[in-house]
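Model the placement of chain B on the given structure of chain A, informed by the hints.
Going down the list, the protein sequences come from chains A and B. Each residue of the first sequence is one higher than the one before, starting from 1 at the first, in my numbering. Each residue of the second sequence is one higher than the one before, starting from 1 at the first, in my numbering.
With a straight-line cut-off of 27 angstroms between C-alpha atoms, the simulated DSS-like cross-links for lysine-lysine are: (1) 41/A <-> 308/B; (2) 41/A <-> 41/B; (3) 293/A <-> 41/B; (4) 177/B <-> 293/A; (5) 308/B <-> 41/B; (6) 41/A <-> 49/B; (7) 296/B <-> 41/A; (8) 41/A <-> 320/B; (9) 320/B <-> 322/A; (10) 320/B <-> 49/A; (11) 308/A <-> 41/B; (12) 49/A <-> 296/B; (13) 287/A <-> 322/B; (14) 41/B <-> 49/A; (15) 41/B <-> 322/A; (16) 320/B <-> 104/A; (17) 49/B <-> 320/A; (18) 322/A <-> 287/A.
FYI, nobody ran anything at the bench for these hints, they're computed from the structure.
Now for the letters of each chain:
2 protein chains.
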Amino acid sequence: MSALFQVQATDCQARKGTLSTSHGQVETPAFMPVATQGSVKAIAPDDLKTIGTSILLCNTYHLMLRPGIEIVREMGGLQAFMSWPSPILTDSGGFQTFSLDRMKKVTEEGVLFRSHIDGRNHFWSPETSVEYQEVLGADIAMVLDECAPYGLGESPVREAMDRTHRWAIRCKMIHNKQGQALFAVVQGGISQELRLESADTLMSMDFDGYAVGGLSLGEPKAKTYEIVGLMGSILPRDKPRYLMGVGSPDDLIECIGLGIDIFDCAMPTRVARNGGLFTNLGRVSVKNSRFRKEDKPIDWSCDCYTCKSFSVAYLHHLFKAKELLAYRLASIHNLRFVVRLMEHSRNSILEGTFTAFRDNFLSEYRATDENVRLAQKEKWLRRHR
Amino acid sequence: MSALFQVQATDCQARKGTLSTSHGQVETPAFMPVATQGSVKAIAPDDLKTIGTSILLCNTYHLMLRPGIEIVREMGGLQAFMSWPSPILTDSGGFQTFSLDRMKKVTEEGVLFRSHIDGRNHFWSPETSVEYQEVLGADIAMVLDECAPYGLGESPVREAMDRTHRWAIRCKMIHNKQGQALFAVVQGGISQELRLESADTLMSMDFDGYAVGGLSLGEPKAKTYEIVGLMGSILPRDKPRYLMGVGSPDDLIECIGLGIDIFDCAMPTRVARNGGLFTNLGRVSVKNSRFRKEDKPIDWSCDCYTCKSFSVAYLHHLFKAKELLAYRLASIHNLRFVVRLMEHSRNSILEGTFTAFRDNFLSEYRATDENVRLAQKEKWLRRHR
Chain A
1 MSALFQVQAT DCQARKGTLS TSHGQVETPA FMPVATQGSV KAIAPDDLKT IGTSILLCNT
61 YHLMLRPGIE IVREMGGLQA FMSWPSPILT DSGGFQTFSL DRMKKVTEEG VLFRSHIDGR
121 NHFWSPETSV EYQEVLGADI AMVLDECAPY GLGESPVREA MDRTHRWAIR CKMIHNKQGQ
181 ALFAVVQGGI SQELRLESAD TLMSMDFDGY AVGGLSLGEP KAKTYEIVGL MGSILPRDKP
241 RYLMGVGSPD DLIECIGLGI DIFDCAMPTR VARNGGLFTN LGRVSVKNSR FRKEDKPIDW
301 SCDCYTCKSF SVAYLHHLFK AKELLAYRLA SIHNLRFVVR LMEHSRNSIL EGTFTAFRDN
361 FLSEYRATDE NVRLAQKEKW LRRHR
Chain B
1 MSALFQVQAT DCQARKGTLS TSHGQVETPA FMPVATQGSV KAIAPDDLKT IGTSILLCNT
61 YHLMLRPGIE IVREMGGLQA FMSWPSPILT DSGGFQTFSL DRMKKVTEEG VLFRSHIDGR
121 NHFWSPETSV EYQEVLGADI AMVLDECAPY GLGESPVREA MDRTHRWAIR CKMIHNKQGQ
181 ALFAVVQGGI SQELRLESAD TLMSMDFDGY AVGGLSLGEP KAKTYEIVGL MGSILPRDKP
241 RYLMGVGSPD DLIECIGLGI DIFDCAMPTR VARNGGLFTN LGRVSVKNSR FRKEDKPIDW
301 SCDCYTCKSF SVAYLHHLFK AKELLAYRLA SIHNLRFVVR LMEHSRNSIL EGTFTAFRDN
361 FLSEYRATDE NVRLAQKEKW LRRHR
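If we strip away everything but chain A, and leave its shape as in the complex, we get:
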């Protein structure tokens, strides 16, 4: 699958690449908005095109339960069903089924879990995961992995990792869809040794791409970056690297600098629906009453529909009045903010100026976060004096 991915330029560890699929190309670094149930919440395909999104992630677990894999097949596959003619990655369903309140039993064969919709039991093996993903018809499928929660000892983390490796072989053995890439998932928690072992084992199986799973689960941020950096230095240079579930603006920029190509995260749209909007000076809550009369866009430098058309005061009003439009406009802005970060990263990697771009972005974005924290502390102290 050397045709799948090409690296055009590197800048320190950061890479500018192109992922080629039968539904079009994806310039990397790329961010995948999450279309959990076959829809990016509050956002239509026309918005995604305008935002500059090139690839989406869909959740196999959710689609299997509703509308059902068979319905998506009858409707011509995910792309036709969603009216999204561009690249899609489906996850394996593993992460959702392993969520503690759903999982009933893990055996070597697979996972028995309870539907969050009707409570019914379902069984999910590496083979069913691949089969469902083949029917959904995405451009990239993921192997079924076992993701150990953060905070366990080494023994259960190793057990989950070893099973992940055995399941990866089973997924690769049965995967048989022309034009659909299959990515492995490196596990191993926050242990450098286990991570190296996991990467080595999976690399020997020659997958089309490698994901880093099991991070951003509560471990210290420095640990996240340490493991991501290790992966960036060891995973194959000619294959795409995908960091699962990471998507805050500062984490994205840090991890591009550590050699990651693809990201997914529901956070940008989730916080948007709660009124949290990204700016170069950190995240702001548009519901705050100080925005009641703010007659300017969220971000002057942003070219999204929301910033070009509406004041912060109007967005504040929409959130206060619980108008449905609020969720779309806020989601458009946060997604465009993240997509622009990807565009700027790609350009600066091509120009060899990524490090300067990164350092400048992070100092502005985080300094203000710190200021906000200080201001909040100040306020609290004044109240409690």
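Relative to the frame of chain A, chain B by itself:
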């Protein structure tokens, strides 16, 4: 204000006209989507332009309570606040304040009512209503009227009507905004005599346009059409006629045939958010399980974004999964359906074929409603045998 409205063609009672405002022209018959709190629910201005909407209605009562008239003024008026640079009509707030659970007291001076947001008392006179509407800056303002509920005897209906006339004078006396038209509201319940008296009284005061209020409140449909027809035959031919709160597809077509130029109604977007979608063969509920696998648009003949992009099966899925996108896509379709009815009406009036268009549309739209009712009855009988 002869420049405000021009009639280009008539076909029996139906009229094709043009309403000219400082924010652009409105071709009539026209339908105004309702932007209650300064936003058409689930729909942005870009959608409204694509749909072909030329004028919106905003509710003064809601905007006064939130975000407040003063904030809208500071943001440059309603058009700037909403990023809707086209014509707007504001209602007087009367209808909302008279709603039984809010109204505390009506006197000759005005209405004392309770806010539905925080329960605080507010007082609303003809003068405050006009003042607020002047500040909001819409192209068309409405006089404060008293709308008697359906089912009262003649005496309270006459009382409300007489007060409406006295308030209309006070509104006209104080109204003083260049470029903002002021429409009167004919009341009089379902009595032909009172309606004639109300129309005569208000016509003698020479308003810029005339609305018909107090209908579609539970009276028999034949009564609605009888009163609307009477108004269509008596209201000035050179002034716009606006039927308040009417907006089902069949009522719109009937009332265009009776001489109405402008309509508003929240129903098309409200039923859309509940999964009720207009088709030429009547309204369908897309949540019905028979649509689970329907791999075709809601309406093949519709040119809206929803019909051009998505199957009924996908819409069914979005509603079942409670995805926010469902509400936007359904609202786009229903609004476009109604706007297309207006376009077809205008064209057929110009061609002198409105009566044939109306009869054909109504026979299809209503026949299927009847079939649906028969099918439902059939089903009920089978169950209860």
